[in-house]
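Go by the hints and put chain B onto chain A.
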Amino acid sequence: MSEEKGTGEIFRVAGPVVTVTGIEPRMFDVVFVGEEKLMGEVIQIIGEKSIIQVYEDTSGIRPGEPVTDTGEPLTAELGPGLLTSIYDGIQRPLEVLQEKMGDIIERGVNVPGLDHEKIWTFNPTANVGDEVSPNSIIGWVQESKNIKHYIMVPPGISGTITDIKGGDFNIDEIIATLDGGDKLKMYHNWPVRNPRPIVEKLAPDIPLITGQRVLDTFFPIAKGGTAAIPGGFGTGKTVTEHQLAKWSDADMVVYVGCGERGNEMADVLKEFPELEDPQTGAPLMDRTILIANTSNMPVAAREASVYTGITMAEYYRDMGYDIALMADSTSRWAEAMREISSRLEEMPGEEGYPAYLSSKLSAFYERAGRVSGLNGKEGSVSVIGAVSPQGGDFSEPVTQATLRIVKVFWALDTKLRERRHFPAVNWLNSYSLYSQSLDPWFSENVDKDWSSKVKWAMGVLQKEAELQEIVQLVGADALPDDQRVLLEVARMLREYFLQQNAFHDVDTFCKPSRQENLIDCIKKFNDDSMDLLSVGVPITKIMSMKSKDDLAKVKYEPEFDAELKKVMDCMMGECTDMRGEAEPSSKVEKLKEVNQ
Amino acid sequence: MRKEYRTITEIAGPLVFLEKTEHVGYGEIVDITLSDGSRKRGQVLDTSKDMVVVQVFEGTDGIDRNSTVKFLGETVKLGVSPDIIGRILSGAGQPLDGGPPIIPKEKKEIIVGAINPYAREKPKEFIQTGISTIDGMFTLVRGQKLPIFSGSGLPHNDIALQIAKNAKVLAEVEEFAVVFAAMGITNEEAQHFMREFERTGAIKKSVVFLNLANDPTIERLITPKMALTAAEYLAFDLDMHVLIILTDITNYCEALRQIGAAREEVPGRRGYPGYMYTDLATMYERAGRIKGRKGTITQIPILSMPDDDITHPIPDLSAYITEGQIIVSRDLHRQGIYPPIDISGSLSRLMDSGIGKGMTREDHKAVSDQCYAVYANGKDLRSLVSIIGKEALSEADRKYLDFADGFEDKVVRQGYEDDRPIEETLGICWDLLSHIPEASLTKIDNKIINAYHPAHKKPSKL
Numbered sequence: 001m002s003e004e005k006g007t008g009e010i011f012r013v014a015g016p017v018v019t020v021t022g023i024e025p026r027m028f029d030v031v032f033v034g035e036e037k038l039m040g041e042v043i044q045i046i047g048e049k050s051i052i053q054v055y056e057d058t059s060g061i062r063p064g065e066p067v068t069d070t071g072e073p074l075t076a077e078l079g080p081g082l083l084t085s086i087y088d089g090i091q092r093p094l095e096v097l098q099e100k101m102g103d104i105i106e107r108g109v110n111v112p113g114l115d116h117e118k119i120w121t122f123n124p125t126a127n128v129g130d131e132v133s134p135n136s137i138i139g140w141v142q143e144s145k146n147i148k149h150y151i152m153v154p155p156g157i158s159g160t161i162t163d164i165k166g167g168d169f170n171i172d173e174i175i176a177t178l179d180g181g182d183k184l185k186m187y188h189n190w191p192v193r194n195p196r197p198i199v200e201k202l203a204p205d206i207p208l209i210t211g212q213r214v215l216d217t218f219f220p221i222a223k224g225g226t227a228a229i230p231g232g233f234g235t236g237k238t239v240t241e242h243q244l245a246k247w248s249d250a251d252m253v254v255y256v257g258c259g260e261r262g263n264e265m266a267d268v269l270k271e272f273p274e275l276e277d278p279q280t281g282a283p284l285m286d287r288t289i290l291i292a293n294t295s296n297m298p299v300a301a302r303e304a305s306v307y308t309g310i311t312m313a314e315y316y317r318d319m320g321y322d323i324a325l326m327a328d329s330t331s332r333w334a335e336a337m338r339e340i341s342s343r344l345e346e347m348p349g350e351e352g353y354p355a356y357l358s359s360k361l362s363a364f365y366e367r368a369g370r371v372s373g374l375n376g377k378e379g380s381v382s383v384i385g386a387v388s389p390q391g392g393d394f395s396e397p398v399t400q401a402t403l404r405i406v407k408v409f410w411a412l413d414t415k416l417r418e419r420r421h422f423p424a425v426n427w428l429n430s431y432s433l434y435s436q437s438l439d440p441w442f443s444e445n446v447d448k449d450w451s452s453k454v455k456w457a458m459g460v461l462q463k464e465a466e467l468q469e470i471v472q473l474v475g476a477d478a479l480p481d482d483q484r485v486l487l488e489v490a491r492m493l494r495e496y497f498l499q500q501n502a503f504h505d506v507d508t509f510c511k512p513s514r515q516e517n518l519i520d521c522i523k524k525f526n527d528d529s530m531d532l533l534s535v536g537v538p539i540t541k542i543m544s545m546k547s548k549d550d551l552a553k554v555k556y557e558p559e560f561d562a563e564l565k566k567v568m569d570c571m572m573g574e575c576t577d578m579r580g581e582a583e584p585s586s587k588v589e590k591l592k593e594v595n596q
Numbered sequence: 001m002r003k004e005y006r007t008i009t010e011i012a013g014p015l016v017f018l019e020k021t022e023h024v025g026y027g028e029i030v031d032i033t034l035s036d037g038s039r040k041r042g043q044v045l046d047t048s049k050d051m052v053v054v055q056v057f058e059g060t061d062g063i064d065r066n067s068t069v070k071f072l073g074e075t076v077k078l079g080v081s082p083d084i085i086g087r088i089l090s091g092a093g094q095p096l097d098g099g100p101p102i103i104p105k106e107k108k109e110i111i112v113g114a115i116n117p118y119a120r121e122k123p124k125e126f127i128q129t130g131i132s133t134i135d136g137m138f139t140l141v142r143g144q145k146l147p148i149f150s151g152s153g154l155p156h157n158d159i160a161l162q163i164a165k166n167a168k169v170l171a172e173v174e175e176f177a178v179v180f181a182a183m184g185i186t187n188e189e190a191q192h193f194m195r196e197f198e199r200t201g202a203i204k205k206s207v208v209f210l211n212l213a214n215d216p217t218i219e220r221l222i223t224p225k226m227a228l229t230a231a232e233y234l235a236f237d238l239d240m241h242v243l244i245i246l247t248d249i250t251n252y253c254e255a256l257r258q259i260g261a262a263r264e265e266v267p268g269r270r271g272y273p274g275y276m277y278t279d280l281a282t283m284y285e286r287a288g289r290i291k292g293r294k295g296t297i298t299q300i301p302i303l304s305m306p307d308d309d310i311t312h313p314i315p316d317l318s319a320y321i322t323e324g325q326i327i328v329s330r331d332l333h334r335q336g337i338y339p340p341i342d343i344s345g346s347l348s349r350l351m352d353s354g355i356g357k358g359m360t361r362e363d364h365k366a367v368s369d370q371c372y373a374v375y376a377n378g379k380d381l382r383s384l385v386s387i388i389g390k391e392a393l394s395e396a397d398r399k400y401l402d403f404a405d406g407f408e409d410k411v412v413r414q415g416y417e418d419d420r421p422i423e424e425t426l427g428i429c430w431d432l433l434s435h436i437p438e439a440s441l442t443k444i445d446n447k448i449i450n451a452y453h454p455a456h457k458k459p460s461k462l
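Chains as they are written, first to last, in our numbering: chain A, 1 to 596; chain B, 1 to 462.
Everything labelled a hint here was simulated from the structure, so no lab data went into it.
Chain A residues, not near chain B, derived (Cβ > 10 Å throughout):
#	residue
1	P197
2	A363
3	N375
Listed below are the simulated EDC-like cross-link pairs for lysine to aspartate or glutamate, each with C-alpha atoms no more than 16 Å apart in a straight line:
#	chain 1	residue 1	chain 2	residue 2
4	B	K205	B	E174
5	B	K447	A	D550
6	A	K118	A	E77
7	B	K49	A	E65
8	A	K185	A	D115
9	A	K524	A	D482
10	A	K463	A	D481
11	B	K291	A	E99
12	B	K204	B	D97
13	B	K49	A	E9
14	A	K270	B	E121
15	B	K294	A	D103
16	A	K49	B	D50
17	B	K447	A	D505
18	A	K553	B	D369
19	B	K124	A	E271
Glycine included, each C-beta is placed from N, C-alpha and C at the ideal position.
Next up, chain A with everything else stripped away, as it sits in the complex:
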């Protein structure tokens, strides 16, 4: 962004939208506006006037002030040092901004996304004479304790290596030279609005394990998949996104806080460095990139933030990593589009959103996927977007446009929140289109009967919903015994399995094998109870089984497996006892059967 393509002057200022004359930019060129050089982007060209959305506050800016066109689109700096960073929507490191201008974000300060002074040890893996092309890996640096950052040949460059050297360098130093004269550094720029190239997309058949029971068991997402979490305020979108960022088994996480709360970001910033990555034991921050563009930060930068985020995710994907990108919330992003569109006086579509809302959303989600890259590496970007529907009404445009694209729908429910059922994922409305393609993985890696167990549990929950209508009218006591057992089993599924306390040290993460064990145990109760009923044990006795109530708290126990076994043994004992007491009568019945 160093060369200037031309200068002009401001004609009109209306909020974040500025009209400029005297430059001849291309669409989406970055320009610097006014004496203070506020960064902006060209979003419309009408005759000699160019319309610019400015990423910073425009108070006090006057017509007549100069404008310079850089001739380049908005890019992200990609290279070692991205991980553990905290950026605003246009990749300005917030830490550096604070050093430069204090606690309040002032305007007109441009800082590079990467630290250009920091020294990295470059370990070459390519040799002189090697043919290289875009994305070819020529070496690596140790970016954090457990993560190797592979240095790739920048886009648009290929040739034969004539010189390559290892050692300590900053990212501006040349580490390799090609026969065409191209000099390679450890970083390059990429325009954020363009997807990085790939060879092909692969089938989504590996799950992204989240450690959240309701998600992994009932509505799993694949690595490279897309999911939406819509929910009214307070239903736990942000907590769910945080849980995924903390516990999902991706190699890296890009967390885009798009138009959300400052205090929430402060929470993430405090918590992540303290938490441990469950897979490596390193601080969670080591594998995380945060983009924080809070609701009161400039709206145009909010619009850009999701693109900045996904570009970084794609960059690491090209190295062969699995990335999970959380966007919280895509509704705020859509509103940023609406705000800018209305300033441009564009003809609005539904509810004032621009007519291109849906195509922008789908283009964004399509950048997700498990892919095979130009350099032969396989990696994935999974995108999980929170949606904040107005009034909690899922029929609004952003939710609907999102649902047409994503494959997993985790519907958060206000009713569930009101009874403190968390995560408030509604098990009747939510769905995952990956369930089938992931079944083979689960039966191979967790349990061979996985899918039939999941179907059984879901069946119970669905029947419960039907029965609830009757219960509402006549009370549970009026139902036949087997249905009362079913209601009890459904309650156990809801309270012991579906509910999960994100703030409890143990319960916050539950690995798939434990999920399966819990379901097993509940199913065993179900089967035993039905069995006991059939031999004439009264239902009140079954309902007062101690082991059943003990099961409630197994999920909180650090020694989960041992505790669960204890409960299972206890349950077996209780069942045998009850059966023993009922035995005389059942013996009579058996005799009858024999006689017949």
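Just chain B, lined up with the frame of chain A:
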């Protein structure tokens, strides 16, 4: 000397259009002198080489095409000094209490950049409000923004006053300074606030900004920003802990819509401008703590929901920005319960960081979760009771039903002067929970049951 213009071409609603001006900055303040010599103030909303659009704070009545317009070359500022404490100011920051003018030590921009998220400190100090429902179920912490969602005719003002009166951080003696911003509320309501502030002595530590129902509508757009600027000055320059009450946000949003309509902008939902979310966010997000600074800002905006509709854009967008909401329930109010705080709908997002061991008590979270769940269950049963009668309920269900009634009577209901410590609140909750079979208390783990359940606490059990 700045130039004066007599080039007004159009006056429409609160807007004045001018042409042939110098290059005017966006957001600049404007002085308008009417033909009769009186003056009004405004702000630039749109500026170009051809045309400047000015919104006039005091309304455009009396302005004609001969009025002169002067651009002051600066954006709206509030003069601050320690002397503003204890003062009553107009919605535009002018003294109303007959006291001397405020000699500013410093002039602060009323619209500021965002607090760098990196510079924020996570809010986590429990504020005891003395109201059981708030302390126990949706705890307020220092630096939080927790609005009160109410409706016409409900006692939201009393709740806000009770919070302001009792608010304290345990183990600290320092009281909160109160900044109060009234936007379009009636004179009577304002009087009520002022009387209470005087009665409790809070007035000595407060700054009051009043824009009343008959004051200029457009002035309302700057009143909360003035108040927030004062709050920031007290908090971050004078190291005070500030509680700011903004009432009524609905009137602010109406003013915002009025400007939008006058500018013929493309409207969003229900005619409110598409940028309302961002606009509200720039106010609400001015609450919080900053690393390395002693003072804090805790915000309690009050907004009345038109027709008690929480899906209306104003409460809806607010709740997406604020850290929870306290909902005032018309049902409870009708039953004569004060404070009528709706348990199911209310929420505090920062609760978890402010409660627990070392802050309130280790059982706080579990007790509150359990109370919620049991109360929700009991409430559901009420509809069943209306069909089949209480007698037809099972023994267990009747206990849930009694819990819901008991909860509303013992925990929710309390007097305006009743300042309950958190220990007492939790105690009442445990009393009620002890009537529920222990096996059904699934949200409380055994360790806590053993330590706090009345049945296990030996000495107190008869």
